[in-house]
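Protein chains in written order, with the UniProt record's numbering: chain A, 1 to 409; chain B, 1 to 409.
For the record, the hints were derived by calculation from the structure and aren't laboratory data. In this text, a Cβ means the ideal position worked out from N, Cα and C, and glycines have one as well. Certain hints may be false.
[Unchecked claim] Computed spacing ranges between beta-carbons, pair by pair:
(1) Thr231/B with Glu342/A: 24 to 30 Å
(2) Lys133/A with Thr231/B: 32 to 38 Å
(3) Asp403/B with Thr231/A: 39 to 45 Å
[Claimed, not checked] These stretches of chain A come out as covered by chain B in the derived footprint (C-beta under 8 Å, 3 or more residues):
(4) 243–256
(5) 268–279
[As the list claims (entries may be wrong)] The list that follows gives simulated cross-link-like pairs (lysine to aspartate or glutamate, DMTMM-like), each with its CA atoms no further than 20 Å apart:
(6) Lys44/B with Glu342/A
(7) Lys138/B with Glu213/B
(8) Lys2/A with Asp51/B
(9) Lys138/B with Asp126/B
(10) Lys318/A with Asp156/A
(11) Lys2/B with Glu287/A
(12) Lys2/A with Glu60/B
(13) Lys2/A with Glu284/B
(14) Lys183/A with Glu287/A
(15) Lys318/A with Glu404/A
(16) Lys358/B with Asp332/B
(17) Lys2/A with Glu287/B
(18) Lys2/B with Glu284/A
(19) Lys295/B with Glu316/B
(20) Lys44/B with Glu6/A
(21) Lys294/B with Glu372/B
(22) Lys2/B with Asp51/A
(23) Lys136/A with Asp126/A
(24) Lys44/A with Glu6/B
(25) Lys305/A with Glu316/A
(26) Lys183/B with Glu60/B
(27) Lys358/A with Asp314/A
(28) Lys2/B with Glu60/A
(29) Lys305/A with Glu404/A
(30) Lys2/B with Glu48/A
(31) Lys2/B with Glu283/A
(32) Lys358/B with Glu310/B
(33) Lys44/A with Glu342/B
(34) Lys2/A with Glu48/B
(35) Lys2/A with Glu283/B
(36) Lys298/A with Asp314/A
Number of protein chains: 2
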Amino acid sequence: MKNYQEINAPLRTIMTPGPVEVDPRVLRVMSTPILGQFDPAFTKIMNETMDMLRGVFQTENQWAFPIDGTSRSGIESLLSSVIEPGDKVLIPIFGRFGHLLTEIAERNRAEIHTIECEWGRVFNQDEIIEAVKRVKPKVLAVVHGETSTGCMQPLDQVGPACRELDVLCIVDAVATIGGTPVKVDEWQLDAVIGGTQKCLSVPSGMSPITYNERIEKVLNSRKKVERGIATAEDNLESGPTIQSNYFDLSQLQDYWGPRRLNHHTEATSMLYALREGVRIVLEEGLETRFDRHKKHEKALMSGIKAMGLELFNDFEWKLPMVACVKIPEGIDGDSVRNMLLEQFGIEIASSFGPLHGKIWRIGTMGYSCRKENVLFVLSALEAVLIRHGVKLNHAEGLQAALDEYESVK
Amino acid sequence: MKNYQEINAPLRTIMTPGPVEVDPRVLRVMSTPILGQFDPAFTKIMNETMDMLRGVFQTENQWAFPIDGTSRSGIESLLSSVIEPGDKVLIPIFGRFGHLLTEIAERNRAEIHTIECEWGRVFNQDEIIEAVKRVKPKVLAVVHGETSTGCMQPLDQVGPACRELDVLCIVDAVATIGGTPVKVDEWQLDAVIGGTQKCLSVPSGMSPITYNERIEKVLNSRKKVERGIATAEDNLESGPTIQSNYFDLSQLQDYWGPRRLNHHTEATSMLYALREGVRIVLEEGLETRFDRHKKHEKALMSGIKAMGLELFNDFEWKLPMVACVKIPEGIDGDSVRNMLLEQFGIEIASSFGPLHGKIWRIGTMGYSCRKENVLFVLSALEAVLIRHGVKLNHAEGLQAALDEYESVK
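Turn these sequences into a full structure, and let the hints steer you where they fit.
Listed below in structure tokens is the structure:
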């Protein structure tokens with residue numbers, strides 16, 4: 001075997017819709033020597049993280065904790081804990097991640113109902129509410145920020161409508177949490193899944209979730225404590241249990257709650273990272289942070305348009321932290337991305353499915369969302385496109401972005 | 001909300017059967033700024049980690065990569081990817097983690113067959129082989145190192161017997177990998193799951209696995225690429241797919257393999273940690289590392305016995321990195337553990353199920369497995385037990401351990 005050396009990773013400017021640059025304070029805290037999982041000093045850190053997550057989710061829910069896995073682990077934990085075989089699940093699809101919800105619900109043997117709209121658009125909330133009334137599902141599962149298309153689905157009326165119709169509303173807010181309002185309680189969302197590696201600027205590997213007592217009631221009806229640790233009062237019967245052990249929220253809440261029932265061994269260093277990440281969000285302040293994301297979005301969009309490029313998602317339903325840029329006719333999108341990486345150390349993203357080869361996606365998320373990064377990506381993109389023979393308005397991009405920054409003080 | 005401060009974690013001497021102290025080099029590498037998941041600099045790190053994992057697993061298998069989750073995520077990924085509803089699965093149970101295998105297999109709708117032996121014993125390999133012949137399962141799932149009882153199940157004859165009988169042999173080596181031989185190829189094990197937070201001395205949050213082409217054949221027969229990223233040649237039919245999306249190894253191997261098909265976003269910082277952890281293991285050398293674990297085990301056992309305490313697992317099938325100490329009659333085991341933590345900053349573990357309140361478990365794993373820790377835990381245990389009124393041979397424990405260390409140079 002080769003004699004492998006120490007990691008020697010180049011320093012990148014990461015302007016994708018995730019993973020994005022990790023806040024240096026978060027990187028640093030991961031070097032903290034670990035604690036045992038039931039050490040009182042550690043369970044205190046667990047509780048503090050739960051408390052701060054409630055703040056980020058804008059909720060009074062008791063349950064707000066991370067799943068130990070990447071973002072889709074949070075989605076799967078909720079869907080597989082709530083869906084029983086044959087349950088009707090309605091999924092509005094407006095991009096790749098709506099398909100992902102469908103995939104996961106299907107594997108949990110749900111009866112799937114979908115409504116679809118063209119990639120690049122979102123639904124009128126009434127369309128979703130009408131579908132809920134028609135299908136009468138147990139669960140509506142919907143994406144909030146669809147990074148594949150750069151679109152954001154409004155949900156402030158969908159949540160209350162679901163509540164009234166007694167439908168459980170489960171929302172994938174992986175891309176939006178910490179970058180734009182996700183008002184769990186005000187919008188009456190029953191469960192919400194966040195991501196770490198996007199607007200929270202924490203490495204991938206955890207997925208913070210929250211859910212209310214309506215979801216908890218379903219979990220408790222499916223609860224089964226593991227043999228090997230169950231005590232006399234626990235139900236050991238093989239009933240219609242949750243099909244995953246790892247994602248069984250009825251057990252996970254006993255681990256995160258006062259019973260502290262052993263399940264997995266909490267991912268210590270990642271929890272330190274998440275705690276520091278949400279602490280930074282709350283220190284900055286939610287509104288200030290959301291405004292910051294909007295400010296840099298505006299500067300980036302102005303720069304892109306002034307350069308002479310076209311935005312794919314220049315609509316009121318644009319996801320504030322993802323700019324989707326149309327790849328000019330005849331240009332090889334991947335060649336541009338490669339040159340950005342090789343010459344400038346900048347990473348931007350391509351897209352999926354029908355949009356592959358048609359758009360680039362530039363993220364302005366979390367710690368990556370700052371002035372020097374926006375200005376650097378604009379200047380690099382201009383230079384690389386000129387090298388690729390694209391006719392542009394030379395030097396206009398940076399001027400427009402600077403104008404934008406000056407206009408907001 | 002409270003104004004939370006920076007993490008201020010006490011420094012502990014962690015002598016449990018996991019999680020254990022993380023190697024300082026591993027702690028440090030997690031502070032490395034991250035890379036994007038498809039950055040060539042990152043996919044190189046993925047490949048290097050796979051290569052080094054093969055070394056740790058002593059295998060030529062193509063597939064050796066981590067699942068992004070704690071140890072049981074590795075177990076669930078293998079069981080849920082391989083087991084189809086109604087498949088016969090045989091599980092020999094000799095402690096808590098055998099029950100866990102049963103739990104997970106059950107939730108994958110297997111037809112479960114178990115054989116059980118008393119906690120504190122293991123099976124004669126012939127007993128397992130006889131059961132395999134009788135049950136004719138598709139899968140034998142078995143724990144190698146059972147930390148709940150401190151016992152290790154020999155498998156060198158079980159593996160070849162399974163191969164001959166065309167049974168898939170899946171082994172939970174979470175506790176043993178990196179601490180004692182786990183000869184995947186020589187023992188003809190079809191799939192093996194390792195843990196990070198034990199003998200590898202990496203934080204919890206990843207689970208390295210390996211499997212051979214016999215397992216891969218099953219995966220390929222159940223493969224389905226996600227809608228939203230599938231291309232024309234991919235199968236989109238809803239067949240008998242794997243019931244988890246997150247743990248679907250047929251997709252995960254396309255992400256870790258040359259196709260680099262997008263699935264989750266790899267947990268960057270944890271991967272850096274794992275890479276450094278396995279690099280340290282290979283630098284030390286497997287045999288040297290296994291010998292080190294045995295040396296400190298011997299010193300710890302000598303000390304415990306010289307003190308006048310009794311070992312619960314003083315057998316040839318003892319798990320080399322876990323000493324199970326009988327709690328003296330009339331002593332509150334948790335009170336002793338609490339005093340160790342509060343006065344000495346040392347953590348040792350209790351146990352589960354029938355052994356709860358009967359034994360303490362002292363781990364000597366990975367970075368925690370070193371002379372100063374062994375001597376410190378012996379001296380602290382003696383002092384605390386004297387404070388609890390236990391009659392002991394004063395000062396004998398340390399002398400016996402020092403004798404042991406001197407005898408091996």
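Checked hints:
Between Thr231/B and Glu342/A, the C-beta spacing of about 26 Å keeps the proposed range 24 to 30 Å intact. As the Cβ distance of Lys133/A to Thr231/B is approximately 36 Å, the hint placing it in 32 to 38 Å holds. Distance hint check for Asp403/B and Thr231/A: the Cβ-Cβ separation is about 43 Å, which falls inside the suggested range of 39 to 45 Å. Given as covered by chain B, the stretch 243–256 of chain A passes the check, having 5 residues with a CB less than 8 Å from a CB of that chain where 3 are the minimum.
Under the rule that three or more residues need a Cβ within less than 8 Å of chain B, the assignment of the stretch 268–279 of chain A holds, with 8 such residues. Of the supplied pair hints, the one linking Lys44/B and Glu342/A holds, its CA atoms being roughly 15 Å apart against a limit of 20 Å. Distance check on the hinted pair: Lys138/B and Glu213/B sit about 15 Å apart at the alpha-carbon level, within 20 Å; holds. Our distance criterion of 20 Å between C-alpha atoms is met by Lys2/A and Asp51/B, whose separation comes to about 9 Å.
As the CA atoms of Lys138/B and Asp126/B are separated by approximately 18 Å, the hinted pair is consistent with the 20 Å bound. In summary, the hint linking Lys318/A to Asp156/A is supported, as the alpha carbons are separated by about 16 Å, within the 20 Å threshold. Between Lys2/B and Glu287/A the CA atoms are separated by roughly 18 Å; this keeps the pair inside 20 Å, and the hint holds. For the hint linking Lys2/A to Glu60/B, the alpha-carbon distance of about 14 Å falls within 20 Å, and the restraint holds.
The hinted pair formed by Lys2/A and Glu284/B meets the criterion: a straight-line CA distance of about 15 Å does not exceed 20 Å. Restraint check: the Cα-Cα separation between Lys183/A and Glu287/A comes to about 12 Å, which is no more than 20 Å; the hinted pair holds. Note on Lys318/A and Glu404/A: the hinted pairing holds, with a Cα-Cα distance of about 18 Å set against a maximum of 20 Å. Between Lys358/B and Asp332/B the CA atoms are separated by roughly 9 Å; this keeps the pair inside 20 Å, and the hint holds.
With a C-alpha separation of about 18 Å, the suggested pair Lys2/A and Glu287/B falls inside the 20 Å cut-off, and the hint holds. Our distance criterion of 20 Å between C-alpha atoms is met by Lys2/B and Glu284/A, whose separation comes to about 15 Å. In summary, the hint linking Lys295/B to Glu316/B is supported, as the alpha carbons are separated by about 15 Å, within the 20 Å threshold. Note on Lys44/B and Glu6/A: the hinted pairing holds, with a Cα-Cα distance of about 13 Å set against a maximum of 20 Å.
Using a Cα cut-off of 20 Å, the hinted pair Lys294/B and Glu372/B holds, with the two alpha carbons roughly 15 Å apart. The suggested pairing of Lys2/B with Asp51/A holds, with an alpha-carbon distance near 9 Å, which does not exceed 20 Å. Restraint check for Lys136/A and Asp126/A: satisfied, since their Cα atoms lie roughly 15 Å apart, inside the 20 Å limit. A hinted pair counts as satisfied when its Cα atoms are at most 20 Å apart, and Lys44/A with Glu6/B qualifies at roughly 13 Å.
With a C-alpha separation of about 16 Å, the suggested pair Lys305/A and Glu316/A falls inside the 20 Å cut-off, and the hint holds. Restraint check for Lys183/B and Glu60/B: the C-alpha separation of about 11 Å stays at or below 20 Å, so the hint holds. Between the alpha carbons of Lys358/A and Asp314/A the distance comes to roughly 15 Å, so the proposed pair stays at or under 20 Å and holds. A hinted pair counts as satisfied when its Cα atoms are at most 20 Å apart, and Lys2/B with Glu60/A qualifies at roughly 14 Å.
For the given pair, Lys305/A sits about 12 Å from Glu404/A by alpha-carbon distance, which is consistent with the 20 Å threshold. Simply put, Lys2/B and Glu48/A have alpha-carbon atoms about 9 Å apart, close enough for the 20 Å limit, and the pair holds. Our distance criterion of 20 Å between C-alpha atoms is met by Lys2/B and Glu283/A, whose separation comes to about 11 Å. With a C-alpha separation of about 11 Å, the suggested pairing of Lys358/B with Glu310/B holds against the 20 Å cut-off.
Distance restraint check for Lys44/A and Glu342/B: the Cα-Cα separation of roughly 15 Å lies within the 20 Å cut-off, and the hinted pair is therefore satisfied. Distance check on the hinted pair: Lys2/A and Glu48/B sit about 9 Å apart at the alpha-carbon level, within 20 Å; holds. With a CA separation close to 11 Å, the supplied pair Lys2/A and Glu283/B stays within the 20 Å bound. A threshold of 20 Å between alpha carbons decides the hint, and for Lys298/A with Asp314/A the separation of about 11 Å falls inside it, so the pair holds.
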